[in-house]
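Asks: Produce the entire structure from the sequences given, and follow the hints as far as they go.
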Amino acid sequence: MAGQGSSLGERFRLSIAPQADLDCIRRILAGEKQLFHELIRPCEKPIYFLLLSMLKNEADAEDAAQETAIKVYRNLHLFRGDSQFRTWVLSIARNEGLGRLRKLGSLREDSLDAETDDTTGDYTPAVLTSWREIPAEIIERQQLGEILRQAVQKLPEIYRNVVLLRDIEEMDIRETATALAISEAAVKVRLHRARAMLQRDLAPKLKGFAPKRRWFWGRA
Amino acid sequence: MMIDCKHVWDHISAYIDGDLDPVLRAEINKHLETCEICSAVLDSTRNVVVLVADDRVFELPAGFSQRLHQRLDEELTAGPPEQPEG
Ligand SMILES: [Zn+2]
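Keeping their order, the protein sequence lines are chains B and W. In this text, residue positions in the first sequence follow my numbering: the first is 27, and each later residue adds one. In this text, residue positions in the second sequence follow my numbering: the first is 383, and each later residue adds one.
Errors might be hidden in some of the hints.
Short derived list, chain B residues pointing at chain W, Cβ under 7 angstroms [as the list claims (entries may be wrong)]:
#1 R52
#2 A95
#3 L174
#4 S209
#5 A211
#6 H218
#7 R221
#8 L228
Distance windows between CB atoms, simulated [stated by the list, open to error]:
#9 W:S447 <-> B:S156: 40 to 50 angstroms
#10 W:A444 <-> B:I164: 51 to 61 angstroms
#11 B:P44 <-> W:K412: 34 to 44 angstroms
#12 B:A46 <-> W:A460: 44 to 54 angstroms
#13 W:I385 <-> B:S156: 19 to 29 angstroms
#14 W:D403 <-> B:L48: 34 to 44 angstroms
#15 B:N83 <-> W:Q452: 20 to 30 angstroms
#16 W:S447 <-> B:S117: 15 to 25 angstroms
#17 B:K180 <-> W:T459: 19 to 29 angstroms
#18 B:P182 <-> W:V405: 32 to 42 angstroms
#19 W:E457 <-> B:A46: 19 to 29 angstroms
#20 B:E210 <-> W:L442: 21 to 31 angstroms
#21 B:R67 <-> W:A460: 31 to 41 angstroms
#22 B:E64 <-> W:A408: 17 to 27 angstroms
I should point out that these hints are in silico values taken from the structure, not numbers from a laboratory. Small disclaimer: the values here were computed from a predicted structure and weren't measured. Ideal Cβ positions, reconstructed from N, Cα and C, are used throughout, including at glycine.
Replies: Take a look at the structure:
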């Protein structure tokens with residue numbers, strides 16, 4: 027996950043499956059089936075949260091996540107290695123989610139595009155004159171985690187999915203675009219708007235969490 | 383060329399990701415040197431992105447992983463995955 031102070035732009039540049047994944051898949055297909063547990067483990071969290079974002083129900087998301095993992099296993103021989111394994115897995119998860127929504131009749135074919143990128147909206151940030159960094163350590167001690175979760179859940183789905191994959195799962199722009207079947211340009215636009223919405227919503231709420239002591243450069 | 387605050391805000395996400403051309407980046411840096419508002423907007427946005435991405439914010443439900451691997455075990459013992467043709 028995002029290490030504090032790490033350059034957000036330097037994360038994951040790979041978009042071709044690493045050799046280790048390909049070797050693992052080859053061995054599973056050759057009979058070492060139990061290795062599949064380890065192969066899928068790093069994908070569990072993004073699978074679940076993408077499906078939760080789509081289905082909006084924890085039990086359905088969990089069931090769909092299990093179904094996704096089984097489909098991945100059954101179709102493992104179809105993985106071509108031209109994307110990261112995780113990207114391929116997430117497009118299977120996305121299709122699983124879409125299939126379920128369609129079955130429930132709650133998928134308007136245009137629903138994911140309905141909130142199109144030219145939707146008018148106010149993407150200006152919350153205007154502040156100073157900001158003291160909120161350290162991640164306090165997420166454990168206070169209700170900050172809940173505030174952050176709610177802010178992400180409140181985002182319109184097309185923005186939330188991009189934040190989930192790009193910022194929370196640290197996928198790169200190309201991976202995110204492939205997994206969501208949208209263009210890289212759309213990922214960038216949605217990410218920008220999502221981050222602006224999050225800043226706008228969260229910055230005023232988070233100010234109270236700033237450490238009490240004055241920083242030596244403090245302007246307060 | 384002087385750029386204004388709105389112009390800076392339009393590029394904050396790309397700025398954070400290091401995905402800006404060097405000329406624009408330099409212009410924004412220059413603006414940030416003298417604009418407290420844009421500095422605070424940038425710092426808070428970056429801070430929010432880091433906080434939201436923290437492992438502890440989105441956690442899998444209790445027992446999720448165990449239940450998933452149990453179901454997988456049933457599948458794995460049922461038969462091998464399909465083999466690639468040829
Ligand atoms: Zn400014």
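Asks: Against each hint, give a clear statement of whether it holds in the structure.
Replies: Structure-based check of each hint:
1. R52: 10 angstroms, violated
2. A95: 6 angstroms, holds
3. L174: It holds, given that the least Cβ distance between L174 (chain B) and chain W is near 5 angstroms, below 7 angstroms.
4. S209: 15 angstroms, violated
5. A211: With a minimum Cβ separation of about 12 angstroms from chain W (threshold 7 angstroms), the hint on A211 (chain B) is violated.
6. H218: 4 angstroms, holds
7. R221: Check passed: Cβ of R221 (chain B) comes within 5 angstroms of chain W, closer than 7 angstroms.
8. L228: 5 angstroms, holds
9. W:S447 <-> B:S156: 40 to 50 angstroms: Since the Cβ atoms of S447 (chain W) and S156 (chain B) sit about 42 angstroms apart, the hinted range of 40 to 50 angstroms holds.
10. W:A444 <-> B:I164: 51 to 61 angstroms: At roughly 23 angstroms between Cβ atoms, I164 (chain B) and A444 (chain W) fall outside 51 to 61 angstroms, so the hint is violated.
11. B:P44 <-> W:K412: 34 to 44 angstroms: Given about 40 angstroms between the Cβ atoms, the range holds.
12. B:A46 <-> W:A460: 44 to 54 angstroms: 27 angstroms, violated
13. W:I385 <-> B:S156: 19 to 29 angstroms: Because 21 angstroms falls inside the window, the suggested range holds.
14. W:D403 <-> B:L48: 34 to 44 angstroms: Roughly 35 angstroms apart at Cβ, these two residues keep to the hinted range, so it holds.
15. B:N83 <-> W:Q452: 20 to 30 angstroms: The hinted range 20 to 30 angstroms holds for N83 (chain B) and Q452 (chain W), with Cβ atoms some 21 angstroms apart.
16. W:S447 <-> B:S117: 15 to 25 angstroms: Given about 22 angstroms between the Cβ atoms, the range holds.
17. B:K180 <-> W:T459: 19 to 29 angstroms: With a Cβ separation near 43 angstroms, K180 (chain B) and T459 (chain W) fall outside 19 to 29 angstroms, so the hint is violated.
18. B:P182 <-> W:V405: 32 to 42 angstroms: The hinted range 32 to 42 angstroms holds for P182 (chain B) and V405 (chain W), with Cβ atoms some 33 angstroms apart.
19. W:E457 <-> B:A46: 19 to 29 angstroms: Cβ of E457 (chain W) to Cβ of A46 (chain B): about 23 angstroms, so the range 19 to 29 angstroms holds.
20. B:E210 <-> W:L442: 21 to 31 angstroms: With Cβ atoms ~29 angstroms apart, the hint holds.
21. B:R67 <-> W:A460: 31 to 41 angstroms: 20 angstroms Cβ-Cβ, so the 31 to 41 angstroms window is violated.
22. B:E64 <-> W:A408: 17 to 27 angstroms: 46 angstroms, violated
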